[in-house]
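**Q** Given chain Y's structure and the hints, the job is docking chain R onto it.
So the protein sequences, as listed, match chains Y and R.
Numbering-wise, the first sequence is residues 1 to 405 according to our numbering.
Numbering-wise, the second sequence is residues 1001 to 1405 according to our numbering.
Careful, some of the hints might be misleading.
Claimed, not checked - For lysine to aspartate or glutamate, the following EDC-like pairs were computed, each having C-alpha atoms within a straight-line distance of at most 16 angstroms:
| hint | chain 1 | residue 1 | chain 2 | residue 2 |
| --- | --- | --- | --- | --- |
| 1 | Y | Lys298 | R | Asp1288 |
| 2 | R | Lys1253 | R | Asp1274 |
| 3 | Y | Lys36 | Y | Glu21 |
| 4 | R | Lys1298 | Y | Asp288 |
| 5 | Y | Lys248 | Y | Glu170 |
| 6 | Y | Lys253 | Y | Asp173 |
Hints in this document: simulated from the structure, not taken from any laboratory.
Number of protein chains: 2
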Amino acid sequence: MIYVAVLGYGTVGSGVVEVLERNKEAVRGKTGDEIKVKYVLDLREFPGDPVMDVLVHDYSVILNDPEVQIIAEVMGGTGAAYTFTKQALEAGKSVCTSNKALVAAHGTELMHIAEAHNCNYMFEASCGGAIPIIRPLRTSLSAEVIDEVTGILNGTTNYILSEMSTKGAEFDDVLREAQAKGYAEANPEADVEGHDAGRKIAILSSLAYGQYVDYEDVYTEGITKITATDFKYAAALGTRVKLLGTSKKVGSKYFCMVCPVMIDAENPLYGVMDVFNAIFVHGNMLGDCMFYGSGAGKLPTASAVVSDIIDEARHIGKCLVTNWDNSRLPLMDIGEVENRFFVRMKGSLIDNLCRVEKVFGKVQAVSVPELADEFAFVTDVMREAEYREKAARLDGILSMIRARF
Amino acid sequence: MIYVAVLGYGTVGSGVVEVLERNKEAVRGKTGDEIKVKYVLDLREFPGDPVMDVLVHDYSVILNDPEVQIIAEVMGGTGAAYTFTKQALEAGKSVCTSNKALVAAHGTELMHIAEAHNCNYMFEASCGGAIPIIRPLRTSLSAEVIDEVTGILNGTTNYILSEMSTKGAEFDDVLREAQAKGYAEANPEADVEGHDAGRKIAILSSLAYGQYVDYEDVYTEGITKITATDFKYAAALGTRVKLLGTSKKVGSKYFCMVCPVMIDAENPLYGVMDVFNAIFVHGNMLGDCMFYGSGAGKLPTASAVVSDIIDEARHIGKCLVTNWDNSRLPLMDIGEVENRFFVRMKGSLIDNLCRVEKVFGKVQAVSVPELADEFAFVTDVMREAEYREKAARLDGILSMIRARF
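Extracted from the complex, chain Y is given alone in its bound form:
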């Protein structure tokens, strides 16, 4: 019998208890032993819920019980969650989590504490919900030198952009609707400003390249400035706008950024709609591959946490190789990153194309019949700094979205 404690009986925590119960036989088969939830830690009471039998309010009960070998930290945040995780690992108890904020902020330190105490710190559920991506990067693509990770990493923003794309609606309206449906939080900032995706691409990049990427170093733009008009141009170009987290090796350097990008149907991420997530990986031997699935949700996320519990149960007393080292991955200045740029401008195409091409050289021009007072163009590939310098010389630019097609 393997005894587990669950920290936090919120959405994910109750999901973990449910998955362990409903899929008991499958879990036993994969573990080779029974897994039993001995404690659930939460400050609240849950009258009538069977969890009351195992509910505790004091973490020291869990920490001091030598029978508990694995702890699922699904309480969130970087305060108590950090302290509790650190204490557990120092006591030789393995910890797994869905808490991307904690992994992004303190993952390096926590993994090294685990290594020093022959236990494990795992976080399959921190990126892409139920999509198996952390473990495949660590163990399946272990023979690869990975040179790109690009993902649709946030379900809320992908839902909003999908609705804007298919219904022609404006951002604010779709956001309100998403909040009503529970797809977006009351305070949506972490999602719509790209911070959530930024934490995830930092975690995935650290794992892919073996060195620590600080999420605070990730250049981040959200989707709040994307409009229904942008999607009219996107349709004319046969493209869609997606919020992508991308990190890529260019020569011997890396860049890491989150921003809205126009992609066309050739891109495997083009078809990823609604709350689905997908992560594209390029390796030097395998070429392209992609992982697709539900990026969030109670049971999918809980299932990923339980897969970590099973893996930790099978490796009691043995630290699996630590995912990345303490050194910081040096990131390129964002000005050096190359992209194409989709640019909207005031005025008519005919009156302004010469002026645009004088600054940007040959561009791909696009106009939409119903938009009489403006037009757009897509530049060739150039450095971000070069784009900024050129754009500053051109009056009348309304907005810009990066383009990869």
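**A** Positioned in the frame of chain Y, the structure of chain R alone reads:
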């Protein structure tokens, strides 16, 4: 230092040696130790190739060398490959392979021999080439009760169907072109008749459901009867024809089949073109997920073999849980499986629709202007046996393709 032997210096074997050499640092980082190819077994000589330094012609040299702990069997076939694998596992040496024929025919026995001798038999490269699917099924989706696996599992047939779809060409012409490009073998039967996909869906199903699926029990239809005309209807319906391997739980029973299927753009497999493969998995907690990538090719396949070498190197002396047990998964009679059916018929739609609907009930009719002497219809969902019985009552049926949309 971990010593490895490679059996067979063909395409995959030379790829394994190349991946270990080119990605040496990455492999050492993931293994925590250096991996060295001590022997390559092949009956041929390779004058001038550095492999000559480690080439042996006699397997007993490898078998009797206690330093060799891991063997990559990439020679193919079910004769010598079977004997050599069995002997290695009985000697406590872990084996990994890309040999799907051997895994499909003897995988159950070989895994149980490995278990008895505290070593491992792994086969990540046997399905989907470089796509991480075996290990994710085993370890990442370990908390799931899986109820469906559907994949585009054969690159050759997907290339042929993609070309037929985009160019309107006939099967024979595209096959010849694929052979010229090296995408199809001189004897293409195993691919185009669906046997290769049948072995792969048998392996994936065994893994997903934990009981052994005999590939000889898998109902298999190939793509040789698919025509350019079928693709005209597919285009009219907004669908594509793909060769799918599917296994699914229906109530308490399972079915497993390989056949061409019409799918629409809502299906995540719709966009998988050319030699790419993809595997869709449905779990009771996670919902839908999909794995996509290169299904074949020297370096992608070799990369998957090397990921197994690394995993085995990290688990010397410890058998990871065996993937499926000795019991045979009972499969439904194919007549009980439910599908929709796309059916082409001689004659005009107007003259025949009543006759069709008298037999099949309400159908979705479709006609293509340039095809004057025939039309097609798509039935509602019904059992295969019911379809066969009804089709036998209707004169003039030209062909049938299963439809899932």
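**Q** Taking the hints in turn, state whether each one holds.
**A** Evaluation of the provided hints:
Taken as a hint, the Lys298 (chain Y) and Asp1288 (chain R) pair is honoured in the structure, with Cα atoms around 14 angstroms apart against an allowance of 16 angstroms. Among the hinted pairs, Lys1253 (chain R) with Asp1274 (chain R) is inconsistent with the structure: their alpha-carbon atoms are about 33 angstroms apart, more than 16 angstroms. The straight-line distance between the Cα atoms of Lys36 (chain Y) and Glu21 (chain Y) is roughly 9 angstroms, inside the 16 angstroms bound, and the hint therefore holds. Proximity of Lys1298 (chain R) to Asp288 (chain Y) is assessed by CA-CA distance (about 14 angstroms); at most 16 angstroms being required, the pair is judged to hold.
In summary, the hint linking Lys248 (chain Y) to Glu170 (chain Y) is not supported, as the alpha carbons are separated by about 32 angstroms, beyond the 16 angstroms threshold. Annotation: proposed proximity of Lys253 (chain Y) to Asp173 (chain Y) is violated, straight-line Cα distance about 40 angstroms (limit 16 angstroms).
The structure is inconsistent with the numbered hints 2, 5 and 6, although it conforms to all the rest.
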